[in-house]
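Following the hints, complete the assembly by docking chain Z onto the known chain B.
Protein chains: 2
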Amino acid sequence: MATFELRSIGRVKSALDDIDSAPRQADEGAPPAWLVFDQEVIAGLGTLRAGDEIIVITWLQRARRDVLRVHPRGEIARPAEGVFNTRSPHRPNPIGLHRARITQIESTRMAVSALEAINGTPIIDIKPVLAGEIELR
Amino acid sequence: MATFELRSIGRVKSALDDIDSAPRQADEGAPPAWLVFDQEVIAGLGTLRAGDEIIVITWLQRARRDVLRVHPRGEIARPAEGVFNTRSPHRPNPIGLHRARITQIESTRMAVSALEAINGTPIIDIKPVLAGEIELR
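Listed in order, the protein sequences are those of chains B and Z.
The opening residue of the first sequence carries number 1 in our numbering; numbering runs sequentially from there.
The opening residue of the second sequence carries number 1001 in our numbering; numbering runs sequentially from there.
For the record, the hints were derived by calculation from the structure and aren't laboratory data.
Mixed in with the good hints there might be a few duds.
To be verified - Label-pair distances were calculated between CB atoms; the ranges are: (1) Z:Thr-1003 x B:Lys-13: 19 to 25 Å; (2) B:Thr-108 x Z:Gln-1104: 44 to 50 Å; (3) B:Asp-27 x Z:Arg-1078: 32 to 38 Å; (4) Z:Gly-1120 x B:Ala-80: 43 to 49 Å; (5) Z:Thr-1103 x B:Thr-108: 41 to 47 Å; (6) Z:Asp-1052 x B:Pro-32: 30 to 36 Å; (7) Z:Pro-1072 x B:Gln-25: 38 to 44 Å; (8) Z:Ser-1113 x B:Arg-24: 24 to 30 Å.
Unchecked claim - Part of the chain Z face toward chain B, derived, beta carbon under 8 Å: (9) Phe-1004; (10) Leu-1006; (11) Leu-1016; (12) Ile-1019; (13) Ala-1043; (14) Gly-1046; (15) Arg-1078; (16) Glu-1081; (17) Gly-1082; (18) Thr-1086; (19) Pro-1092; (20) Ile-1095; (21) Leu-1097; (22) Asp-1125; (23) Lys-1127; (24) Pro-1128.
Said to hold, decoys possible - Derived SDA-like pairs (lysine to any residue); straight-line CA-CA distance at most 20 Å: (25) Z:Lys-1013 x Z:Ala-1063; (26) B:Lys-13 x Z:Ala-1063; (27) Z:Lys-1013 x B:Arg-73; (28) Z:Lys-1013 x B:Met-1; (29) Z:Lys-1013 x B:Lys-13; (30) B:Lys-13 x Z:Pro-1032.
All C-beta atoms, glycine included, are put in the ideal place defined by N, C-alpha and C.
Chain B on its own, in the form it takes in the complex (with noise of 0.2 Å):
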């Protein structure tokens, strides 16, 4: 197995920082949220500007990756499925992937209108969604 290294190229800022009560997709009642870059990336957001369509990639740190099979959105009831088929968190790799709406730029940070990422999660990667994309969360 190959392993890479990713590096953190900032962090979400967000009033969610309660693992158990943040909504599963963004469209579930996530708040607003300032995603803030360390100052050496600064210069690949490039023409980026608010109103702005963007995926945010994101390392869900708190999530286990040691599991293979989950029941889909915690529901005991569901039976359990391959992780690779939901949305999970817990994976091999805890990749979050996120489609939110440019608000507003500062210097080294920029609001976005819906974010379900908690308090403090890495980002490391931001790109612009293409023509034709809808809804990608």
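For chain Z alone, coordinates are given in the frame of chain B:
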């Protein structure tokens, strides 16, 4: 800067083996490919089956990680842009996002309809497409 360890869960098997001639997006002529999984993660595939749409997350190991500005699509005539406002593979964490449809599943591998990643690219996660997600590439 915090770092995290990614572990490959499998590899792409594809007729594409030249990074310079590979299409930039799946709908730009990408061929079908196999996703070959490590034996120890097979339980995570659960009930995924032919016809399902998935998000394949890869590690674009041949990308440059020290680049923060690029010419979009490698076209020198276009002004340089911050990498986080492009889908360039070159970025601090070279994560590839590919939307694909499963066409066949065998014991440790699945065929997908079109994938722009080259042969040997490490796979790091698979997620189901949620209702409403369209054309994630």
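Evaluated hints:
1. Hint check: Thr-1003 (chain Z) to Lys-13 (chain B), Cβ distance near 20 Å, so the stated range 19 to 25 Å holds.
2. The beta-carbon spacing between Thr-108 (chain B) and Gln-1104 (chain Z), approximately 47 Å, falls within the hinted interval of 44 to 50 Å.
3. In this structure the supplied range 32 to 38 Å holds for Asp-27 (chain B) paired with Arg-1078 (chain Z), their Cβ-Cβ distance being about 34 Å.
4. The given range of 43 to 49 Å is broken by Gly-1120 (chain Z) and Ala-80 (chain B), whose C-beta atoms sit roughly 32 Å from each other.
5. Under the hint 41 to 47 Å, the C-beta atoms of Thr-1103 (chain Z) and Thr-108 (chain B), about 44 Å apart, fit the expected range.
6. For Asp-1052 (chain Z) and Pro-32 (chain B), the hinted distance range of 30 to 36 Å is satisfied, since their beta carbons lie about 33 Å from each other.
7. Under the hint 38 to 44 Å, the C-beta atoms of Pro-1072 (chain Z) and Gln-25 (chain B), about 30 Å apart, miss the expected range.
8. For Ser-1113 (chain Z) paired with Arg-24 (chain B), a C-beta distance near 29 Å keeps the hint of 24 to 30 Å intact.
9. Look at Phe-1004 (chain Z): its Cβ gets to within about 4 Å of chain B, closer than 8 Å, so that hint holds up.
10. Hint status for Leu-1006 (chain Z): holds, given a least beta-carbon distance of 4 Å to chain B, under 8 Å.
11. Nearest Cβ of chain B to the Cβ of Leu-1016 (chain Z): about 19 Å, over the 8 Å cut. The hint is violated.
12. Given the 8 Å rule on beta carbons, the hint for Ile-1019 (chain Z) is violated: about 17 Å separates it from the nearest Cβ of chain B.
13. Checking Ala-1043 (chain Z) against chain B: minimum C-beta separation of about 4 Å stays under 8 Å; hint holds.
14. The beta carbon of Gly-1046 (chain Z) is positioned within 8 Å of a beta carbon in chain B (closest approach about 2 Å), and the interface hint is therefore held.
15. Interface hint at Arg-1078 (chain Z): violated, since its Cβ lies 12 Å from the closest Cβ of chain B, which is beyond the 8 Å cut-off.
16. The closest approach between the C-beta of Glu-1081 (chain Z) and any C-beta of chain B is roughly 5 Å, which is under the 8 Å cut-off, so the hint is satisfied.
17. Satisfaction of the interface hint for Gly-1082 (chain Z) is found here, the shortest Cβ-Cβ separation to chain B being roughly 2 Å, below the 8 Å cut-off.
18. With 8 Å as the threshold, the beta carbon of Thr-1086 (chain Z) comes within range of chain B, its nearest partner Cβ sitting at about 7 Å, so the hint holds.
19. For Pro-1092 (chain Z), the shortest C-beta to C-beta distance to chain B is roughly 6 Å, which falls under 8 Å, so the interface hint holds.
20. Given the 8 Å rule on beta carbons, the hint for Ile-1095 (chain Z) holds: about 5 Å separates it from the nearest Cβ of chain B.
21. Interface hint at Leu-1097 (chain Z): satisfied, since its Cβ lies 7 Å from the closest Cβ of chain B, which is below the 8 Å cut-off.
22. Of the supplied interface hints, the one on Asp-1125 (chain Z) holds, with its beta-carbon coming within about 5 Å of a beta-carbon of chain B, less than 8 Å.
23. Annotation: interface hint on Lys-1127 (chain Z) holds; nearest CB of chain B at approximately 6 Å, less than 8 Å.
24. About 5 Å separates the beta-carbon of Pro-1128 (chain Z) from the nearest beta-carbon of chain B, less than 8 Å, and the hint is met.
25. Between Lys-1013 (chain Z) and Ala-1063 (chain Z) the CA atoms are separated by roughly 18 Å; this keeps the pair inside 20 Å, and the hint holds.
26. With a CA separation close to 29 Å, the supplied pair Lys-13 (chain B) and Ala-1063 (chain Z) exceeds the 20 Å bound.
27. Under the criterion of a C-alpha separation no larger than 20 Å, the hint pairing Lys-1013 (chain Z) with Arg-73 (chain B) is inconsistent with the structure, at around 32 Å.
28. Proximity of Lys-1013 (chain Z) to Met-1 (chain B) is assessed by CA-CA distance (about 16 Å); at most 20 Å being required, the pair is judged to hold.
29. Taken as a hint, the Lys-1013 (chain Z) and Lys-13 (chain B) pair is broken in the structure, with Cα atoms around 39 Å apart against an allowance of 20 Å.
30. At roughly 40 Å between alpha-carbon atoms, Lys-13 (chain B) and Pro-1032 (chain Z) are farther apart than 20 Å, so this suggested pair is violated.
Comparing the model with each numbered hint stated earlier shows that hints 4, 7, 11, 12, 15, 26, 27, 29 and 30 do not hold.
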